[in-house]
Amino acid sequence: MTAACECRDVSKWFDGLSVLDHVDLEVPEGAFVTIIGPSGCGKTTLLRAMAGLTGVDAGEIKIGGRTVMGPPEGVAMVFQGSGLMPWKTIYDNVAFGLVVAGRSRREIGQTVPRFIEKVNLTGYERLYPYQVSGGMRQRAGLARALAVDPSVLLMDEPFASVDAQTREVLHDELLTIWERERKSVVFVTHSIDEAIVLSDVVVVMSRRPARVTGLIEVDIPRPRRERTVRGHPRYADIRERCWELLEEARHGDQP
Amino acid sequence: MATSLSLERRASSSAPPPEVVERERRRRRSRHRLMWTVRVLSVAVVLVAWQVYGVRVNPILFAPPTAIAEAFVAMVRDGTLLSAFLQSLLVLVVGLGAAIVVSIPAALVWARYDPVDWAVQHYVNAIYATPLVALVPLLILWFGLGFLSRAIIVFSFAFFPLLLNAYQGAKSVDRELLEVARSFRCREYHVWRHVVLPSSVPFIMAGLNLAAGRSLVGLIIAEFYTTGTGLGYLVLQAANTFRTARMFVPVIVVMVLGVALLGVTRYLQRRVAPWSSQPERQ
Ligand SMILES: Nc1ncnc2c1ncn2[C@@H]1O[C@H](COP(=O)(O)OP(=O)(O)O)[C@@H](O)[C@H]1O
Ligand SMILES: [Mg+2]
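Residue numbers (the numbering used here), protein chains in the order written: chain A, 1 to 255; chain B, 1001 to 1282.
One or more of the hints may lead you astray.
Claimed, not checked - Reference excerpt, derived from the structure (chain A facing chain B, CB under 7 Å, subset only):
#1 Ala51
#2 Gly55
#3 Gly59
#4 Pro86
#5 Trp87
#6 Tyr91
#7 Gly97
What the hints assert, rightly or not - Covered, in the sense of this in silico footprint (three residues per stretch, anywhere, with C-beta under 8 Å from a C-beta of chain A), are these stretches of chain B:
#8 1073 to 1081
#9 1194 to 1201
#10 1249 to 1261
#11 1269 to 1275
Claimed, not checked - Per label pair, the in silico range of CB-to-CB distance:
#12 A:Thr2 to B:Asn1125: 40 to 46 Å
#13 A:Asn120 to B:Pro1018: 56 to 62 Å
#14 B:Ala1015 to A:Gly70: 25 to 31 Å
If you are wondering where the hints come from, they were derived from the structure by calculation, not from laboratory data. We treat Cβ as the ideally placed atom computed from N, Cα and C, and that holds for glycine.
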C-alpha cells in the first residue's frame, strides 16, 4: 500500500540557514497525522514543501506515490490566516477551488451548499469575510479545501488565532467531518492537546533545523469528541509522553 | 466586584428602553438641523459679502453674484454655455476613458512581470516627476490644435496617477492569497481574475479619484492652448474682452463638474470595493 504522503531524507536551507534536516515522515492513507514542534522550527516550511509551494534542496517528497514538483493534484491546504479573498462572499470563497478547476456551474451549485452545511455556515453564504468571526472564516477555509475532494488535506495551525472555546467547537466539527470522510490529513499545531484530541499519530519535531524526534500513537478510540478524549484514561499518559519528547526537542543536543 | 458584575449584566441586556431611543433620535435630529443651518448661513454670508463688495469694484476686475447669474442666464439662452459644456465633456470622457482603459492593464502587466518593471520603471518615474504642463506645447506641436490634441492632453494628465496607483495595488497583493491561488493550481488567468485585479481595485479607485481632478486641469489647459472650443475657451474669451461676469460662469460650471466627478468616483469606490472601507475584524 502506498503512503498518502512520504518525505524521504528531506533537507532545506534558507540563505544558508538550515531549516529542514533529513526529515523522514510517512503519512498512511486515511490517517490523521499531527506535527508539533517548537515555534520557528520549520513546520510551516515542511507543509509548504508537501503542498508544492516551495522546493526542497535534498531528498524527496511524494504524494500518492508521485514526486512533488509544484502543487500536486489531490492536495488541498487550509491556511493559518484562513486565506479567504476579502472581495468574495463566503459562498464564492468556498466555490473558489471548483471554479478555477473549471467544474461545471451545475456541479458547483450542488457541491458548495453541501460543504457550507458541513462546516455549519448555512445562512452566512452571502456575507463577506470581514463580516463574520475568525472561527467562521476558518470554517470557510476548511470548506473550500474539502470542496475539491482532495485525497490529502494539509492544515497549518488553522485554529491558532481563534479563542479557546471556539477552538473546541471547531475540533468537534473537524472530528465529525473527518470521521465520515477519512481523508489523509497532515495537521500542524503547537498545541499538544489539540494534537492528541485530533490525531492518530503525533509527530514531534526538534527545534530548528527540524528533524523528526519521535512518533506517538494516540490509541484513543473513535468517534472522538474533545471532552471524551480529555476525559479518557490514556489521555494524561499520552500527553506526558508528548511533553517529554517536546522538552527533549527543545533542549536536546544544544550546540 | 458584585456591583461591577451586576452593572455589566444590565449593560449587555437587550434593546434600550423607548425613551432612550427617542431622546437619542431627537438629539441626532437637532444636530442635523443645526448642521444645515450653519451650512446655509455660511453660503449666505459669503454670497452677501461677495455681492456687497462686488458691486463696488470695477466690473472689469470682479463681478457680483447677481451679475454672474445674469450672465449665466444669457449664456444659457444663446446656447454658448451648453455647446461649450458638451464640447468639453466629450474631450473629458474620451481622454479620461482612454486613460482608464490603457493604464490599468498596462499597470498590471508592469507589476506582474519583472523584466517589464526593469525596462520601464525609470521612464515612468521621470515622466511622472515632470510637470506635464511643460509638455503641452510639444503635444500640440505633434497633434495639432483640434479635438485629438485636447483628448491626448487630458489623457496624459489622467494616465499617470491611474497607472501608478494600479501598479501599487498589483504590487501589494497579499502573498498568502497568491499562495492560495497557487495551491489550488490556478492558471495565470485565474490568478489575475480572482486575486490580482480585485485586490488592486481600491488602489485603482484612489487613482481614479486623483485622475478625475487632474483630467479637469488638463482639459482647461488644453482649451486655453488650442482653438476656440469648450469651457476653457469661454473663460479665455470673456477674460480677453473684459467681460468678467461671463468669465465666472464657465469657471463655476467646471467646479460643479469636478465636484460631481469626485462624487461619482467616491460612490464607485464604495460600490465596487465594499470590503476595502471596512476595518479588519480579528
Ligand atoms: N521564505 C523564507 N525565507 C527565509 N527564511 C524563512 C522563510 N520562511 C521561513 N523561514 C525561516 O525558517 C524557519 C522556519 O520557519 P517556519 O517553517 O515558518 O517555522 P514554524 O512554522 O515551525 O514556526 C524560521 O526561522 C523562519 O524564519
Ligand atoms: Mg508556522
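Okay, the hints, checked on the actual structure:
1. Because the closest C-beta pair between Ala51 of chain A and chain B is about 5 Å apart, less than 7 Å, the hint holds.
2. Violation of the interface hint for Gly55 of chain A is found here, the shortest Cβ-Cβ separation to chain B being roughly 13 Å, above the 7 Å cut-off.
3. The beta carbon of Gly59 of chain A is not positioned within 7 Å of any beta carbon in chain B (closest approach about 21 Å), and the interface hint is therefore violated.
4. At about 4 Å, the closest approach between the beta carbon of Pro86 of chain A and any beta carbon in chain B falls short of 7 Å, and the interface hint on this residue holds.
5. Taken as an interface hint, Trp87 of chain A checks out: its beta carbon lies about 4 Å from the nearest beta carbon of chain B, inside 7 Å.
6. The interface hint given for Tyr91 of chain A is violated, since its Cβ lies 14 Å from the closest Cβ of chain B, which is over the 7 Å cut-off.
7. Using the Cβ-Cβ criterion of 7 Å, the hint placing Gly97 of chain A at the interface with chain B is satisfied: the shortest such distance is roughly 5 Å.
8. Counting residues of the segment 1073 to 1081 of chain B whose beta carbon lies closer than 8 Å to any beta carbon of chain A gives 0, which falls below the threshold of three, so the coverage claim is violated.
9. Here the segment 1194 to 1201 of chain B counts 5 residues with a CB under 8 Å from a CB of chain A, which clears the bar of 3, and the coverage holds.
10. Counting residues of the segment 1249 to 1261 of chain B whose beta carbon lies closer than 8 Å to any beta carbon of chain A gives 0, which falls short of the minimum of three for the stated coverage.
11. Figure legend: the segment 1269 to 1275 of chain B, annotated as covered by chain A; annotation consistent (3 residues with Cβ-Cβ distances under 8 Å, at least 3 required).
12. Restraint check, Thr2 of chain A to Asn1125 of chain B: a C-beta distance of roughly 55 Å breaks the suggested window 40 to 46 Å.
13. Checked against the hint of 56 to 62 Å, the pair Asn120 of chain A and Pro1018 of chain B fails, with Cβ atoms roughly 36 Å apart.
14. The hinted window of 25 to 31 Å between Ala1015 of chain B and Gly70 of chain A is violated, with their beta carbons roughly 55 Å apart.
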